[in-house]
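Peer 1: Starting from the given sequences, assemble the full structure and let the hints guide the process.
Protein chains: 2
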Amino acid sequence: MDVVEAEILFRPMKRIALPNGDVLRAIKATDTGFAGFGETYFSYIHYQTIKAWKLHKRHTANFICPMGKVKLVIYKEHSRGNPVKGYPKEIILSDDPEQYHCVTIPPGIWYGFAGLGKPTNLIFSLLNGEHSLDEQLSADVDTFPYTWNVNHD
Amino acid sequence: MDVVEAEILFRPMKRIALPNGDVLRAIKATDTGFAGFGETYFSYIHYQTIKAWKLHKRHTANFICPMGKVKLVIYKEHSRGNPVKGYPKEIILSDDPEQYHCVTIPPGIWYGFAGLGKPTNLIFSLLNGEHSLDEQLSADVDTFPYTWNVNHD
Numbered sequence: 490m491d492v493v494e495a496e497i498l499f500r501p502m503k504r505i506a507l508p509n510g511d512v513l514r515a516i517k518a519t520d521t522g523f524a525g526f527g528e529t530y531f532s533y534i535h536y537q538t539i540k541a542w543k544l545h546k547r548h549t550a551n552f553i554c555p556m557g558k559v560k561l562v563i564y565k566e567h568s569r570g571n572p573v574k575g576y577p578k579e580i581i582l583s584d585d586p587e588q589y590h591c592v593t594i595p596p597g598i599w600y601g602f603a604g605l606g607k608p609t610n611l612i613f614s615l616l617n618g619e620h621s622l623d624e625q626l627s628a629d630v631d632t633f634p635y636t637w638n639v640n641h642d
Numbered sequence: 490m491d492v493v494e495a496e497i498l499f500r501p502m503k504r505i506a507l508p509n510g511d512v513l514r515a516i517k518a519t520d521t522g523f524a525g526f527g528e529t530y531f532s533y534i535h536y537q538t539i540k541a542w543k544l545h546k547r548h549t550a551n552f553i554c555p556m557g558k559v560k561l562v563i564y565k566e567h568s569r570g571n572p573v574k575g576y577p578k579e580i581i582l583s584d585d586p587e588q589y590h591c592v593t594i595p596p597g598i599w600y601g602f603a604g605l606g607k608p609t610n611l612i613f614s615l616l617n618g619e620h621s622l623d624e625q626l627s628a629d630v631d632t633f634p635y636t637w638n639v640n641h642d
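Here the protein sequences line up with chains H and G, keeping their order. Count along the first sequence starting at 1, add 489, and that's the number in our numbering. Count along the second sequence starting at 1, add 489, and that's the number in our numbering.
Bear in mind the hints are in silico, worked out from the structure with no lab data behind them. A few of these clues could be false.
No copy labels: a pair is met if it fits in one copy or bridges any two.
Claimed, not checked - Straight-line C-alpha distance at most 27 angstroms; calculated DSS-like pairs for lysine-lysine:
{"#": "1", "residue 1": "K578", "residue 2": "K558"}
{"#": "2", "residue 1": "K578", "residue 2": "K546"}
{"#": "3", "residue 1": "K503", "residue 2": "K546"}
{"#": "4", "residue 1": "K578", "residue 2": "K503"}
{"#": "5", "residue 1": "K558", "residue 2": "K543"}
{"#": "6", "residue 1": "K607", "residue 2": "K517"}
{"#": "7", "residue 1": "K607", "residue 2": "K543"}
{"#": "8", "residue 1": "K517", "residue 2": "K546"}
{"#": "9", "residue 1": "K578", "residue 2": "K607"}
{"#": "10", "residue 1": "K607", "residue 2": "K546"}
{"#": "11", "residue 1": "K543", "residue 2": "K574"}
{"#": "12", "residue 1": "K517", "residue 2": "K558"}
{"#": "13", "residue 1": "K503", "residue 2": "K558"}
Bear in mind that the values here come from a model prediction, so they are computed numbers and not experimental data.
Peer 2: Written out as structure tokens, the structure is:
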């Protein structure tokens, strides 16, 4: 068990209403907790589908949902398969101005996404290092005792 | 007139097909021509609408379209309102795997977007410096002699 738990950050971002299409602010180099720039990518999560589980050994990951709505589930292991107290954590990420946030996840924590919006949803990821297979772990969706409940919103 | 013209880069990006939602690779720190990380934001461009014109005095801008299809128009001035030879340039950015690209625009060049996809389109921007009003110029859509033709695709 960790003595010092690295912080999960969850902060609101600005969505600016404009007649020809809104502007949604995203990550800046001067943001509190910004851990550096390595790589960005997008991931679609279709409605009622799940992408889980993944863990970065060394990288800090930032996630934003600029289109749609997803449930992000964060799972920290105490011992094999058993969660640390307070986990799993569920976080809603959405393009709704009231729910438009950025979440930052330190290394060593499992995470997964479920798509809540129809017909699909988009996640933007910014990592402080470059993608490599030896840096990340994957586990089947049924590895941890978590019920996703994607059949109702 | 510039003696050495800063380069506009246009390079294909990978879109990886996955059953629960595709992954679209975006900008990496090790990309050729990567000019540094300052700020990111998203901008929706609704169908048949225009967002133009804008110019960054000091910043290099990178644009990707992870959802929909837009026309990016790049306008370089020779003298007030008169384009440098070869301008305006028109570039299509789209989430279509065949058209999924990143474009990099150096400072000192005007640009604008038109939304081609229904009902809306999303642009991801990554700049190598932080947004400030003294760093960017704006001009009305009719400032330059360019016909946008947004009424037919």
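Peer 1: It remains to establish, for every hint, whether it holds in the given structure.
Peer 2: Results for each hint:
no.	hint	in the structure
1	K578 x K558	within (17 angstroms within a copy, 36 angstroms between copies)
2	K578 x K546	within (19 angstroms within a copy, 44 angstroms between copies)
3	K503 x K546	between (30 angstroms within a copy, 24 angstroms between copies)
4	K578 x K503	within (24 angstroms within a copy, 32 angstroms between copies)
5	K558 x K543	within (19 angstroms within a copy, 31 angstroms between copies)
6	K607 x K517	neither (29 angstroms within a copy, 30 angstroms between copies)
7	K607 x K543	within (24 angstroms within a copy, 34 angstroms between copies)
8	K517 x K546	both (23 angstroms within a copy, 19 angstroms between copies)
9	K578 x K607	within (23 angstroms within a copy, 36 angstroms between copies)
10	K607 x K546	neither (32 angstroms within a copy, 40 angstroms between copies)
11	K543 x K574	within (20 angstroms within a copy, 50 angstroms between copies)
12	K517 x K558	both (22 angstroms within a copy, 25 angstroms between copies)
13	K503 x K558	both (16 angstroms within a copy, 24 angstroms between copies)
The earlier numbered hints that this structure contradicts are 6, 10.
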